[in-house]
Amino acid sequence: MLTMALYISNQAGLRYLAGDISGGNARCIAMLEAFQESIKDYSTPPEKALIRDLTAKINCYVSFLIECRPLSISMGNAIRFLKTRIVKLPLTLSESEAKATLLSDIDRFINEKIILADKVIVRHAVTKIRDGDVLLTYGSSSAVEMICLHAHDIGKQFRVVVVDSRPKLEGRLLLHRLVRKGITCTYTHINAVSYIMHEVNRVFLGASSVLSNGTVYSRVGTACVAMVAHQFHVPVLICCEAYKFYERVQLDSICSNELGDPDAISKVPGRKEINYLDDWANRENLQLLNLIYDATPSDYVSMIITDYGMIPPTSVPVIVREYRKEHLWI
Amino acid sequence: MWYRSASFILDKQQEENDAEGKPESRLLSTASPSSSMADTLQNPNPQISAYYQTRAAHHGVVTTDWLAQAQAAVGRDPDDGVSEISIISTDSGKQLSVIDEFNNWRKQPDLAEAVAAIRALAWVIRSSEATTMMELEIELKKASDSLKSWDTTSISLTAGCDLFMRYVTRTSALEYEDFNSAKSRLLERAEKFGEISYKARKIIAMLSQDFIFDGCTILVHGFSRVVLEVLKTASQSRKLFRVLCTEGRPDRTGLRLSNELAKLDVPVKLLIDSAVAYSMDEVDMIFVGADGVVESGGIINMMGTYQIALVAKSMNKPVYVAAESYKFARLYPLDQKDMVPALRPIDFGVPIPSKVEVETSARDYTPPQYLTLLFTDLGVLTPSVVSDELIQLYL
Numbered sequence: 001m002l003t004m005a006l007y008i009s010n011q012a013g014l015r016y017l018a019g020d021i022s023g024g025n026a027r028c029i030a031m032l033e034a035f036q037e038s039i040k041d042y043s044t045p046p047e048k049a050l051i052r053d054l055t056a057k058i059n060c061y062v063s064f065l066i067e068c069r070p071l072s073i074s075m076g077n078a079i080r081f082l083k084t085r086i087v088k089l090p091l092t093l094s095e096s097e098a099k100a101t102l103l104s105d106i107d108r109f110i111n112e113k114i115i116l117a118d119k120v121i122v123r124h125a126v127t128k129i130r131d132g133d134v135l136l137t138y139g140s141s142s143a144v145e146m147i148c149l150h151a152h153d154i155g156k157q158f159r160v161v162v163v164d165s166r167p168k169l170e171g172r173l174l175l176h177r178l179v180r181k182g183i184t185c186t187y188t189h190i191n192a193v194s195y196i197m198h199e200v201n202r203v204f205l206g207a208s209s210v211l212s213n214g215t216v217y218s219r220v221g222t223a224c225v226a227m228v229a230h231q232f233h234v235p236v237l238i239c240c241e242a243y244k245f246y247e248r249v250q251l252d253s254i255c256s257n258e259l260g261d262p263d264a265i266s267k268v269p270g271r272k273e274i275n276y277l278d279d280w281a282n283r284e285n286l287q288l289l290n291l292i293y294d295a296t297p298s299d300y301v302s303m304i305i306t307d308y309g310m311i312p313p314t315s316v317p318v319i320v321r322e323y324r325k326e327h328l329w330i
Numbered sequence: 001m002w003y004r005s006a007s008f009i010l011d012k013q014q015e016e017n018d019a020e021g022k023p024e025s026r027l028l029s030t031a032s033p034s035s036s037m038a039d040t041l042q043n044p045n046p047q048i049s050a051y052y053q054t055r056a057a058h059h060g061v062v063t064t065d066w067l068a069q070a071q072a073a074v075g076r077d078p079d080d081g082v083s084e085i086s087i088i089s090t091d092s093g094k095q096l097s098v099i100d101e102f103n104n105w106r107k108q109p110d111l112a113e114a115v116a117a118i119r120a121l122a123w124v125i126r127s128s129e130a131t132t133m134m135e136l137e138i139e140l141k142k143a144s145d146s147l148k149s150w151d152t153t154s155i156s157l158t159a160g161c162d163l164f165m166r167y168v169t170r171t172s173a174l175e176y177e178d179f180n181s182a183k184s185r186l187l188e189r190a191e192k193f194g195e196i197s198y199k200a201r202k203i204i205a206m207l208s209q210d211f212i213f214d215g216c217t218i219l220v221h222g223f224s225r226v227v228l229e230v231l232k233t234a235s236q237s238r239k240l241f242r243v244l245c246t247e248g249r250p251d252r253t254g255l256r257l258s259n260e261l262a263k264l265d266v267p268v269k270l271l272i273d274s275a276v277a278y279s280m281d282e283v284d285m286i287f288v289g290a291d292g293v294v295e296s297g298g299i300i301n302m303m304g305t306y307q308i309a310l311v312a313k314s315m316n317k318p319v320y321v322a323a324e325s326y327k328f329a330r331l332y333p334l335d336q337k338d339m340v341p342a343l344r345p346i347d348f349g350v351p352i353p354s355k356v357e358v359e360t361s362a363r364d365y366t367p368p369q370y371l372t373l374l375f376t377d378l379g380v381l382t383p384s385v386v387s388d389e390l391i392q393l394y395l
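Keeping their order, the protein sequence lines are chains D and W.
The first sequence maps to residues 1 to 330 in UniProt numbering.
The second sequence maps to residues 1 to 395 in UniProt numbering.
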C-alpha cells in the first residue's frame, strides 16, 4: 500500500503540486499511467475480492490526487471509466488476468480517446483553414498546437495570433513552438484582443471540458476571447476530445471553479515598484480572486471539433449519451 | 419568347447530332474519349455547377439570350459537346458509366438528385461481377467516390451516396448467409428509396398543414418540389392563403412556381428579389426548400435565401424549411465562402464589360439561428436536432 501511494505521489501528485504537468490531456495521461503502475504492483490481500479491494484503493489514490489539486473533468471521466472496468471484470478471471485486462483497457483508453482522438480532430480542423487565413488562439492548447503544426506541414499559408494573459503566460510556450517551426505569429495580451480581432478569420480554442448545455469550460479568459470574436462575427471553433464532455450543466464560472495562488496576481515579477499588494494577506477588507477556469456560453461557440466530427454545441448531449453507451461495453 | 428549358433543348440537339454521327452511343457525352482516366472522371466544366444547371433546366424559365449564351458556352468548350463516347470495359470505363447512368436518371424533372444517385449506385450493384460483399463494397465505394467528385457542388448527390454507402456497410453480409440474397436485398432497398422520396414529400406536406392557417400570406423563394407539394396540399384541403413568389433570378425559378400555383387557383403575387424587405410586413411566414441541410442545422439553398431569412428575423417572421431527410449532409460551413463554390452563368440582358466582375455563385448558407423549424420526413425539427439525427445516422 505504501509503495503504491508512493508511485502515485511520485508519478503524478507531486508533479501537479509543482505545476509540472499542465494541460488536460497531459494530466489525464499521467494519472492513468500512475494507475497502471500501481495496478502492476497490486496483489489482492487474503480474504478480499479484487473488485472491491482495488476499487477502494483507487478511491484512496483519487482522494490523494484531489488533495494535491482538484481533479479536472477529463480526469474524473477517466477515473469513472477505470472504475466501471474494474466493476465489470468477470469474477472467473484470475488476478494476473484481471490485471492484464485492466492495463490493456487503460492503454486503449489513452490511445483511442486521447491520442487518436487528437489526430481525428486535427484532420477535421485543417479543413477549416484556408490559405491566407489569420487564426487566433488563446493560451496554450495541445490540440490547437497540433492543428497549426499539421496545417503548416501540409503547406497551408496562414498566420497565427497567440493571445496570452497573466499570470500563467502559457501562450509563450505555444508561441515558442510555433515560431520554431517557421509559422508566422503575432503575440499579444488579452487586453488587445478587441483591436486584433478585426483581422482574424478563425478563432481556435482548446477546452478543459464541454458541458451538456454546450457551455465550454476552459482557461480563464477564453470566454472573453470568444465573446469578442462573436461580436466581430468571427467563427469560434472549440477543439475538444469527446472524453472531456460532461453531462453536468453549469451556468456561471464561479461554482466548481478552481482557485489559483492569489500571490500570482498580487505580485509582478521583476517590478518591485508596483508591488503595492505585498501585505495583502494582512488586510481584512481585501480578497484576491485568481480563478483558473471560466465558462463560455454556447452562444459564442460556432462549432465544436471532436473525435466524432464537427458538431454544433447543441449536440454535446447526444455525444455524451452515445459515448455512455460505448463506455459500458468497451 | 420563353422556352421550357435551355439545356433541355441543347441536350436534344446534341442527342440528334449524336444519333446522326454514331447511332450506337446511347448516352449524352460529357467527356472526350481520348483523355486520360483522371480527366474522364472530372466534370467537363468545373466552372459551372452541374447541379444548378439541372435545376435551372427543370424549373427555370429561360430567355432566348440565355439560350444563346449557353449555346456559345458549349461551342467554346472543345472537350464538351457532340463528341461521341465509347464505353471502355476497363475500370475507368465503369466509373464513367456510373456518371452516365446518374445523368440519365437526373434528367427526369420529378426525380430528386439523391434518388438518381442511388439508382445509379443500384445499377452498379446490378452490373457488378463481384462475388463477395467486400468486393461489392469496394466497387460501390469507388463508384460513389467518382460520382461525388463528378459534381462536388451537389449536396444531395453527396448525401445520397453517403446514405446508401452507410446502408451497405451496415447491412453486413453476416446477416444474410448468402451473398446473392444480400445483393438483392440492397437492390430492393435502392428501389424503395425512390418511393421513400415521393412519400417524404407527402409526409412533409401533411406535417406542415398545421402551420398554415386561413388568411395567411406565405413568402416562398425559388422552386422547391417540396414547398410546391406543401402549398398544393394546403389548397386541396381548402385553406385560404396567399403566396408571394420571388422572381428567383437568374433562372427565374419563382416564375415557374407562380405558374404552378396559378394553376391551383392560389392567389399569387410576384416580387422581384429585391422587394422582399418591402413586402415583409404583409408576410406571415416564409417557406423555403433546401439544397442541403448541414450539420449546424442551417441550410444551403438558392442564392437569396440568406437575405430573406435575415429580413424575416429582423421582422420576427417565422422561416420554415421543407426538406427531405436525405438532404442532411455531413457538412459544416462556418461562413458563406466556406463551401465548394457552385457557379452558374448569369444573364444580365446587356453586355457586361470585361473589367466588371460578376458574382456567379448559385447558393448561399443560412445559419441555423435564422431558421424557425425544419419540416422533414422525420418530423418537425428545430435546427439543432439535425445534427443529432446526423450523429445517430453516421456514428
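Calculated directly from the structure, the hints in this document are not laboratory data.
A couple of the hints might just be wrong.
Using 30 Å as the maximum straight-line C-alpha spacing, the simulated DSSO-like pairs for lysine-lysine come out as follows [as the list claims (entries may be wrong)]: (1) W:199 <-> D:156; (2) W:142 <-> D:119; (3) W:317 <-> D:119; (4) W:263 <-> D:156; (5) D:181 <-> W:337.
Here the structure is a predicted model, which means the values were calculated and not measured.
Structure-based check of all given hints:
1. W:199 <-> D:156: violated, 45 Å
2. W:142 <-> D:119: holds, 25 Å
3. W:317 <-> D:119: Roughly 43 Å between the alpha carbons, so the hint for residue 317 of chain W and residue 119 of chain D is violated.
4. W:263 <-> D:156: Roughly 54 Å between the alpha carbons, so the hint for residue 263 of chain W and residue 156 of chain D is violated.
5. D:181 <-> W:337: holds, 29 Å
Hint violations for this structure: numbers 1, 3, 4, all remaining hints satisfied.
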